[in-house]
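Q: One letter stands for each residue in the lines below.
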Amino acid sequence: MADKPTDRNEKSGMSRRAFIKNTGLVAGGVVGGGLFGGLFTNQLQKNAPVTTLENTSGGLQDARVFINRAEDFDILSAATERLFPKDDLGPGAIELGIPYFIDKQLAGEWGMNSKEYMKGPFITNIQAAGTHNIKRDQDTQGPNAATQVPTPTPRYQSILNRSEVFTLGLRKINEVAQKDFGARFVDLDPEKQDEVLRMFEEGKVEMKGVGSSNFFSLLLQTTIEGAYADPVYGGNKDMMGWKMKEYPGPRASFLNDIEKEEFIKMDPVSLRNYQGH
Amino acid sequence: MVVKLDKVDVVVVGTGWAGGVVSAELSKAGYKVVALERGKNVTRDDYIGVKDELRYTNRYEMMQNLAPETITSRNYIDEDALPVRTRKEMMAGTDLGGGSVHWAGATYRWKAYDFEIKSKTIERYGKAKIPNDMTIQDWGITYDEMEKYYDRWEKTAGISGEPDPLGDKRSSDYPNPPMKESPAIRLFKDTTKKMGYHPYQVASGNLSQAYTNPDGEQINQCMFCSFCTQYGCDFGAKSDPLVTVIPTAMKTGNFEVRTGSYVKRVLYKGGKATGVLYVDNMTGIEYEQPADVVVLAAFTFTNNRLLLLSGIGQPYNPTTKKGVIGRNFNAQFNITFLGARGFFNEKKFNSYMGAGALGATLSDFAGDNFDHSKLDFINGGGIELRQYGSGAIATNHVPNGTPSWGPEFKKNSIYYTNRTYVAWYTMATMSYWHNFVDLDPTYTDSFNDPLLRITYKYTDQDRNMAKFGIEKCSEIMKEMGADIVDDDEVPQEFDHVYDGGHYAGGVIMGSDPATSAVNNYLQMWDVDNLFVVGGSAFPQFAGHHPTATIGALGYRASEGIEKYLKSGGQLVKGKQESASV
Numbered sequence: 000m001a002d003k004p005t006d007r008n009e010k011s012g013m014s015r016r017a018f019i020k021n022t023g024l025v026a027g028g029v030v031g032g033g034l035f036g037g038l039f040t041n042q043l044q045k046n047a048p049v050t051t052l053e054n055t056s057g058g059l060q061d062a063r064v065f066i067n068r069a070e071d072f073d074i075l076s077a078a079t080e081r082l083f084p085k086d087d088l089g090p091g092a093i094e095l096g097i098p099y100f101i102d103k104q105l106a107g108e109w110g111m112n113s114k115e116y117m118k119g120p121f122i123t124n125i126q127a128a129g130t131h132n133i134k135r136d137q138d139t140q141g142p143n144a145a146t147q148v149p150t151p152t153p154r155y156q157s158i159l160n161r162s163e164v165f166t167l168g169l170r171k172i173n174e175v176a177q178k179d180f181g182a183r184f185v186d187l188d189p190e191k192q193d194e195v196l197r198m199f200e201e202g203k204v205e206m207k208g209v210g211s212s213n214f215f216s217l218l219l220q221t222t223i224e225g226a227y228a229d230p231v232y233g234g235n236k237d238m239m240g241w242k243m244k245e246y247p248g249p250r251a252s253f254l255n256d257i258e259k260e261e262f263i264k265m266d267p268v269s270l271r272n273y274q275g276h
Numbered sequence: 000m001v002v003k004l005d006k007v008d009v010v011v012v013g014t015g016w017a018g019g020v021v022s023a024e025l026s027k028a029g030y031k032v033v034a035l036e037r038g039k040n041v042t043r044d045d046y047i048g049v050k051d052e053l054r055y056t057n058r059y060e061m062m063q064n065l066a067p068e069t070i071t072s073r074n075y076i077d078e079d080a081l082p083v084r085t086r087k088e089m090m091a092g093t094d095l096g097g098g099s100v101h102w103a104g105a106t107y108r109w110k111a112y113d114f115e116i117k118s119k120t121i122e123r124y125g126k127a128k129i130p131n132d133m134t135i136q137d138w139g140i141t142y143d144e145m146e147k148y149y150d151r152w153e154k155t156a157g158i159s160g161e162p163d164p165l166g167d168k169r170s171s172d173y174p175n176p177p178m179k180e181s182p183a184i185r186l187f188k189d190t191t192k193k194m195g196y197h198p199y200q201v202a203s204g205n206l207s208q209a210y211t212n213p214d215g216e217q218i219n220q221c222m223f224c225s226f227c228t229q230y231g232c233d234f235g236a237k238s239d240p241l242v243t244v245i246p247t248a249m250k251t252g253n254f255e256v257r258t259g260s261y262v263k264r265v266l267y268k269g270g271k272a273t274g275v276l277y278v279d280n281m282t283g284i285e286y287e288q289p290a291d292v293v294v295l296a297a298f299t300f301t302n303n304r305l306l307l308l309s310g311i312g313q314p315y316n317p318t319t320k321k322g323v324i325g326r327n328f329n330a331q332f333n334i335t336f337l338g339a340r341g342f343f344n345e346k347k348f349n350s351y352m353g354a355g356a357l358g359a360t361l362s363d364f365a366g367d368n369f370d371h372s373k374l375d376f377i378n379g380g381g382i383e384l385r386q387y388g389s390g391a392i393a394t395n396h397v398p399n400g401t402p403s404w405g406p407e408f409k410k411n412s413i414y415y416t417n418r419t420y421v422a423w424y425t426m427a428t429m430s431y432w433h434n435f436v437d438l439d440p441t442y443t444d445s446f447n448d449p450l451l452r453i454t455y456k457y458t459d460q461d462r463n464m465a466k467f468g469i470e471k472c473s474e475i476m477k478e479m480g481a482d483i484v485d486d487d488e489v490p491q492e493f494d495h496v497y498d499g500g501h502y503a504g505g506v507i508m509g510s511d512p513a514t515s516a517v518n519n520y521l522q523m524w525d526v527d528n529l530f531v532v533g534g535s536a537f538p539q540f541a542g543h544h545p546t547a548t549i550g551a552l553g554y555r556a557s558e559g560i561e562k563y564l565k566s567g568g569q570l571v572k573g574k575q576e577s578a579s580v
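For the record, the sequence lines run as chains U and V. Numbering-wise, the first sequence is residues 0 to 276 according to numbering that gives the first Met the number 0. Numbering-wise, the second sequence is residues 0 to 580 according to numbering that gives the first Met the number 0.
To be clear, the hints were calculated from the coordinates, so they are not data collected in a lab. For clarity, every value in this text was computed on a predicted model and none was experimentally measured. A portion of the hints provided could be inaccurate.
As the list claims (entries may be wrong) - What follows is a set of in silico ranges between Cβ atoms, one per label pair, in the way DEER data are often shown:
hint, chain 1, residue 1, chain 2, residue 2, range
1, V, M0, U, E174, 51 to 57 Å
2, V, G215, U, E260, 50 to 56 Å
3, V, K410, U, G58, 24 to 30 Å
4, U, N160, V, T443, 17 to 23 Å
5, V, P440, U, N160, 25 to 31 Å
Positions of the beta carbon are idealized from the N, C-alpha and C atoms, including for glycine.
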């Protein structure tokens, strides 16, 4: 446990000894077994392998678990790729696994609105109410603005849950593409795809039971989440999203670096590395 | 059938800072205390390895499940309110320790001015300075009287900080030194000092060193890991009820906490509260818990709703302006945290590091620290620059004019990830006769009890103060050297997004029973053995974060409850202050 540079935990940026000293775990002595055990078995594991594509399940988790029709999934892939395109900075939505991320989200608690208030009566002029305040973009405001996804927050007043909104929305994208441009959405050139998406963004498309801008804002929110959430959820493939923005992933401590002037670039680690079991 | 349990000395509803402090103090004094918490039982172990932004920040892991119960919201008295349906729009803490576990840790004492705001405003500017619609009032207690409770709570919580150079008198320093300075914080302080202001480090509930509090509880040193606000602490290094007052209460042997217990009514007979009625979420069985003293120490919404559902106290009527329960609802809403965002082309910060309360602040434009004679508002707020530690999902800020998706968004959001900071104005909100809570006539919870309805609109005072604050923040950001400075826009109307947790009032403190629900011991004027503790007691919201004041009120209430248990009766004599509300 020498404090040699080679013995430095690259991931946490501090030595094991410094960590113990700084948290007062040893000196203080009054520490629950759970915390103590947890820190040592999990967070300070020096040899936890960095997860790469080679040693994961080889993409076996990339399959649809909510969206039934392959055509719907293809629309989702094409739409998210327009929202977050591949460029010289790095991969776009498809390469990052964002469509699979969204599919998995729709299959779970969030997609099913299990923790939202879904009791009626629901107002029936939902197109108006559902896009309430969309123009007044207060997403960058509020005491938690620094931690919130920067997408607009229209009032959610739909009787539909989010997974139903997505199913309707994806099919509506194709309908609009056919009607206005005479081709399936996936076959349109990117500029026309953007035009279709902008119509949803601006709430110009009539959808049943929900405002089209509400659907768009959910689509945009989940696209950004899929680019940067921990890879455990199926997006941010191989931490490529984090690499683009030089985000280091979950780390035990920045105690020794917080005062430093220069930018410190670290190779990212994931929850898999951090929890280490 | 309701199962009647054995009587205890004190039953406490809620286990956040308010309920936790009361539970610890009374069980230490030898009284049998039962606390009821609707959420899950959690311990520090639940928060080890929680560094998952999607789950905690974007899916609100620690927030109230809204499926059984939420609130409804409207702006105007003649509107139908709509339910606030999703957790993106309504963030309230749940589980053991309540919202006090996911808090950021920013700690401020409120000012001498705040506690006597009406008298002091009239004294300095004359009666005309307070608009007719505004219903601000003195608290019935002064800062000097509150000081010892602040001091006590800061020591319990191990707050790490340095005094506000413009602050009121303190009996002692914070128990721990301030947090380390990051480059962004240094830049803010150096810049604002040159501008003639008085910056200092935000006092923090993320601890600057390992600390043992007066009750013998150990809190660890903050690691600046950034998973803080909206998370439980991975290291037991953020002061919360789980590492302080709850274990303190447990150690006495006089305390029992029952989680998964959803309180439905305060039981009331012959002018006294006799106990509470609650349902066990796991079995559906209803229990009556009799007690000599009932303490409501839940979130503001729940404190108000339980009194209204139980028919205790006179509900506020906005038409007659009579009645007290639900009066003066006030909050730090989204208009409260506006400012200016700077984008730096030449500088790159380690923005991914940080802690909930890591930051710099100044009080030059807070409270009545500046002359309002020529201004179209009263009060003010702190200006803060905080380094929470930016999550990868959260940090997608782009300069105005950038599209919100597509190639340019991607390019700019990635470029500016580590090149942006915001300075904001944590301004006060004053109370008005038209901002209040009552029971919703339409929407109900899973037991078919009415939801709480909030009626709230912004006023010129709010918009004028926000505009003033944004200008100050913008000047600072420009001086800090930001290449692009984007000012926030002042919204015309409240958007029904309740995502900050700073909601208050409705069961307010005061010295006149006609305009307040509780006396300065948080004891109800109408019911001697019912104490209502927490943010619900704020008559209006000061221009700083609320937690220290809630903790201090917890100690004040504990003292009152002990007095009551010893000698009974009303602890304070009510005064009739004015006929006009």
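Q: Now tell me if each hint is right for this structure.
A: Now for the hints, and whether the structure bears them out:
For the pair M0 of chain V and E174 of chain U, the supplied restraint of 51 to 57 Å holds, since their beta-carbon distance comes to about 56 Å. Range check, G215 of chain V to E260 of chain U: Cβ separation about 40 Å, and the 50 to 56 Å hint is violated. For K410 of chain V and G58 of chain U, the Cβ-Cβ distance of about 28 Å falls inside the hinted range of 24 to 30 Å, so the restraint holds. A beta carbon spacing of about 20 Å between N160 of chain U and T443 of chain V agrees with the range 17 to 23 Å that was offered as a hint.
In this structure, P440 of chain V and N160 of chain U meet the distance hint of 25 to 31 Å, their C-beta atoms being roughly 26 Å apart.
Checked against the numbered hints given earlier, the structure breaks only hint 2 and satisfies all the rest.
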